[in-house]
Amino acid sequence: MQLLNTFLIGITAGSIYSLMAIAFVLVWRSTRVINFAQAGMALLSTYFGYEAVTRIGSFWLALPIAMLGGAIFAALVEIILMRLLVKHSSSGPIAAVAPIIATLGLLGLIRSLIAMNWGGQDLRILPPVSNTGFTVNGETLVFSPLKLLILITTLVLMALLTILFQRTNLGLSLRASAYAPEIARLSGIRVDLIRTLGWALAGAAGAVAGIFQTVNGNGNFSPDSIEFSLLLVSGFIAAVIGGLDSLLGAVIGGMFLGLTISFVLMYISGGLFFIAPFVILLAILFVRPQGIIGARAGRRA
Amino acid sequence: MTLNVSNLTVHHGAICAVNSVSLAVPTGKLAAIIGSNGAGKTTLLRTLSGLNKPTHGKISWMGESILGDKPENLVRKGISHVSEGKSVIPELTVKENLELGAIWRRNKKELSESLEQVVSIFPRLGERLVQRADTLSGGERQMLAIGRALMSRPQLLLLDEPSLGLAPLVVEQIFQTIRDLTTSMRLTVVLVEQNAMGALKIADLGIVLNLGKVVAVDHADALIANPAVRAAYLGY
Numbered sequence: 026m027q028l029l030n031t032f033l034i035g036i037t038a039g040s041i042y043s044l045m046a047i048a049f050v051l052v053w054r055s056t057r058v059i060n061f062a063q064a065g066m067a068l069l070s071t072y073f074g075y076e077a078v079t080r081i082g083s084f085w086l087a088l089p090i091a092m093l094g095g096a097i098f099a100a101l102v103e104i105i106l107m108r109l110l111v112k113h114s115s116s117g118p119i120a121a122v123a124p125i126i127a128t129l130g131l132l133g134l135i136r137s138l139i140a141m142n143w144g145g146q147d148l149r150i151l152p153p154v155s156n157t158g159f160t161v162n163g164e165t166l167v168f169s170p171l172k173l174l175i176l177i178t179t180l181v182l183m184a185l186l187t188i189l190f191q192r193t194n195l196g197l198s199l200r201a202s203a204y205a206p207e208i209a210r211l212s213g214i215r216v217d218l219i220r221t222l223g224w225a226l227a228g229a230a231g232a233v234a235g236i237f238q239t240v241n242g243n244g245n246f247s248p249d250s251i252e253f254s255l256l257l258v259s260g261f262i263a264a265v266i267g268g269l270d271s272l273l274g275a276v277i278g279g280m281f282l283g284l285t286i287s288f289v290l291m292y293i294s295g296g297l298f299f300i301a302p303f304v305i306l307l308a309i310l311f312v313r314p315q316g317i318i319g320a321r322a323g324r325r326a
Numbered sequence: 072m073t074l075n076v077s078n079l080t081v082h083h084g085a086i087c088a089v090n091s092v093s094l095a096v097p098t099g100k101l102a103a104i105i106g107s108n109g110a111g112k113t114t115l116l117r118t119l120s121g122l123n124k125p126t127h128g129k130i131s132w133m134g135e136s137i138l139g140d141k142p143e144n145l146v147r148k149g150i151s152h153v154s155e156g157k158s159v160i161p162e163l164t165v166k167e168n169l170e171l172g173a174i175w176r177r178n179k180k181e182l183s184e185s186l187e188q189v190v191s192i193f194p195r196l197g198e199r200l201v202q203r204a205d206t207l208s209g210g211e212r213q214m215l216a217i218g219r220a221l222m223s224r225p226q227l228l229l230l231d232e233p234s235l236g237l238a239p240l241v242v243e244q245i246f247q248t249i250r251d252l253t254t255s256m257r258l259t260v261v262l263v264e265q266n267a268m269g270a271l272k273i274a275d276l277g278i279v280l281n282l283g284k285v286v287a288v289d290h291a292d293a294l295i296a297n298p299a300v301r302a303a304y305l306g307y
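Chains A and B supply the protein sequences, listed in that same order. Per my numbering, the first sequence starts with residue 26, numbered consecutively. Per my numbering, the second sequence starts with residue 72, numbered consecutively.
Simulated from the structure, these hints should not be mistaken for laboratory data. Mixed in with the good hints, there may be bad ones.
Reference excerpt, derived from the structure (chain B facing chain A, CB under 8 Å, subset only) [unchecked claim]:
id, residue
1, V146
2, E162
3, I192
4, F193
Derived lysine-lysine pairs resembling BS3-like cross-links, with alpha carbons at most 25 Å apart [claimed, not checked]:
id, chain 1, residue 1, chain 2, residue 2
5, A, K112, B, K284
6, B, K272, A, K112
7, B, K272, B, K129
8, B, K100, B, K284
9, B, K272, B, K284
10, B, K124, B, K148
Footprint (simulated), chain B over chain A, 3 or more residues, beta carbon under 8 Å [claimed, not checked]:
id, segment
11, 193-203
12, 206-220
Just so it is clear, the structure is predicted and the values come from calculations on it, not from any experiment. For glycine and all other residues, C-beta sits at the position ideal for the given N, C-alpha and C.
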């Protein structure tokens, strides 16, 4: 029972990391930028979700509203900031890193703006169902109805994303623009628009990750939430494990990370919470720098 | 004249790659642009399809100026470009690569008609629709690249070195296909080629480019017979 419990906690956390990793991958594929502001965007979307929950009272309505808000914000960042940046720093030693540094700056900016608007204190989103564990044979597990719902919701969202990418013209445009922007343009695809859409999808995925990370913890969040720093690091590590270029890789990377951390904490030591992800990242970079999903094979998804 | 280019100049930074080029291609004709490496052939073609921006000059297509238009718009005006080096997306399936060519039309019926037509032109692609493009041979990839361009139902087809890296027998096949398509679909074709003899044999008119300038324009047959062209580009 302990084993199953550890496994379920692991894949729940893993599914949240996967969503964040998907956000990293979508941005990387559309503009070749590691977006460190992703955590800030997820945090902002969580505030959007908080506002919606407070006004409407329904978590399940607030979630899509937060996704929409996150998507619009990410699209605006791409249009206003990234396009200009790429245009104005196309050469010189800074060119390659300028967009990445800009996303770090943006992360700080978003946090400050949030603090200005909502204040620095903890706010709280209540989970829609109980986070008290299921009881099996008189034994209370950590795995709860909330975790089950998080797991199901992320799986449904991933299935929808897969259908979008594999079965629709829009998905084909997204894939073609990521693999070969020039051929995409010659095929009549408006690649600029598709790039913005990639960012918007990432913003939506990040919004879900942010809200689930919050309710899966104690429900509290603030501009300085450690939960969001953790989400940033975990999502990034999961994306790297997955090869950074593959949506399937992001999911595998997220699940792998979630499970590994869960088992390490349960069977080795709970004190390794902040160390385990970094050890895993370093190990992956040493052993398979191209990620678990090989560079080329991974680009399928 | 369907395609009209006058005094077109294109720079790559400080280097002048295309220098005041003028040319005209009538409807339904196949024009071969030949010349050695670095003559500016590819740059010229990429400027016609909007991938490169010209410094100055004029380009008109069917009487309308298309100078500075983006490639994604030019496709909608009937101009399809097959860029150098088997322009297919290896990660996508053969079918997806083909669908890409018709994606802007958003019309399922037209798409399946175009697909049927392209498969009838290239039956080998029809047998491999579900395979990934990187499983194809070089010749098949070139067919796929041309097939993708045809899916857009172009009136002007711009082909950049379709013979590159292919075995002689396959090159002959590809050239014959290009000739047949020009005639049967009444396409206007601009073919850029290093393989001057092969290209001139199927072309209606030939344009010789050297260091970014047009040095000879004539009927393709006449160019083949021209001693100076023979010595410089045809190797005998």
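Starting from the hint list further up, note which numbers the structure goes against and sort them upward. 3, 4, 5, 6 and 7
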